[in-house]
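Peer 1: Sequence:
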Amino acid sequence: MSVDKVTAMNFRHQVDELRESIQAEKSKRDVAAAALIAHKWQSQGDEFKSLLEDMALQTVPDEAQAFHAKQEAQVSLDSLHVGDFYRPSSDEVTAYADSTSPVPFRRSPCPGLNALANHGHIPRSGKNVTHEVLGAALMSVFNFDSNLTQTLLNQVPSTFSLDIISRHNVLEHDASLVHNDEYFGGDPININETMVGDLLGRSLDGKTLGVTEVGQVRHDRLAECRANNPECVFGANQTTFSYLEAAIFIVGCGGNVNETVTVEAAHSFVWDERIPGDYVKSAVPITLPFMRTVTAKLLAFV
1 MSVDKVTAMN FRHQVDELRE SIQAEKSKRD VAAAALIAHK WQSQGDEFKS
51 LLEDMALQTV PDEAQAFHAK QEAQVSLDSL HVGDFYRPSS DEVTAYADST
101 SPVPFRRSPC PGLNALANHG HIPRSGKNVT HEVLGAALMS VFNFDSNLTQ
151 TLLNQVPSTF SLDIISRHNV LEHDASLVHN DEYFGGDPIN INETMVGDLL
201 GRSLDGKTLG VTEVGQVRHD RLAECRANNP ECVFGANQTT FSYLEAAIFI
251 VGCGGNVNET VTVEAAHSFV WDERIPGDYV KSAVPITLPF MRTVTAKLLA
301 FV
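The sequence shown begins at 1 in the UniProt record's numbering and counts up one residue at a time.
Be a bit skeptical, because a hint or two may be false.
[Unchecked claim] Pairs of lysine-lysine residues, derived as DSSO-like cross-links and limited to a Cα-Cα distance of at most 27 Å, are as follows:
no., residue 1, residue 2
1, K127, K281
2, K207, K281
3, K281, K297
4, K297, K207
No lab work stands behind these hints: they were computed from the structure.
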């Protein structure tokens with residue numbers, strides 16, 4: 001069958017209309033409607049296939065196939081259950097603070113929050129996260145008690161997107177365990193592989209990381225920041241959050257076992273932003289006073 005340029009352009013127009021319809025429904029958070037429209041596109045795939053194979057204007061089938069693949073992926077994503085793991089690709093996500101990027105996913109510099117989103121315990125998009133939903137996730141996944149949970153919730157608006165965590169010197173800070181300082185640029189979601197390797201390699205027994213190892217890494221990261229970052233800021237606010245984060249990393253990600261986290265679990269949370277398949281939450285609720293005790297032990301390495 002011969003396909004002329006008019007047919008090709010008409011096909012392109014239909015692709016554009018379907019794309020706009022899906023995006024419009026997604027922007028209204030009507031996932032079901034968006035999925036139905038995507039299914040309409042899929043059902044028309046056979047009808048258009050013969051056109052695609054014969055079409056001389058190669059940019060049209062390439063664009064159509066890419067669009068088709070994205071919509072199939074969206075329908076598949078919508079079918080995931082809470083607990084199922086899906087990590088967005090780098091071209092689908094941003095963690096820049098208050099981003100207006102059209103990419104569909106928002107993430108933060110916090111691997112734990114990102115893991116909750118990747119498993120659907122909070123909105124997978126990372127957008128419109130409420131205190132109610134995040135609080136329930138923190139308590140059910142990590143077994144944080146209500147006071148610790150509320151203390152953490154008080155640091156963010158009642159409804160927010162994960163990228164606001166990247167606001168520099170508010171919650172995000174210099175001298176991170178695994179991220180470059182803001183001064184050196186890059187999307188805040190980017191993880192420094194060398195820093196991760198250094199953190200995991202500090203294990204004294206080759207199996208776990210505890211207060212001693214993490215406390216020393218925290219000390220070293222601050223020393224590196226002050227030596228290499230001319231805009232390094234690390235006052236009382238940054239100290240409070242960074243050491244509480246470190247305590248949560250040890251206790252929360254470690255399942256509250258002997259104030260340690262296994263190297264395997266640490267790698268899964270930090271590098272893969274994934275809750276390990278064999279993860280077991282704390283047998284008892286993790287309290288704010290206990291977290292303050294662990295934080296104080298870490299601060300001894302300042």
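Peer 1: Against this structure, judge whether each hint is valid.
Peer 2: Verification of the hints:
With a C-alpha separation of about 26 Å, the suggested pairing of K127 with K281 holds against the 27 Å cut-off. Between the alpha carbons of K207 and K281 the distance comes to roughly 18 Å, so the proposed pair stays at or under 27 Å and holds. As the CA atoms of K281 and K297 are separated by approximately 22 Å, the hinted pair is consistent with the 27 Å bound. With a CA separation close to 21 Å, the supplied pair K297 and K207 stays within the 27 Å bound.
Checked against the numbered hints listed earlier, the structure breaks none of them; every hint is satisfied.
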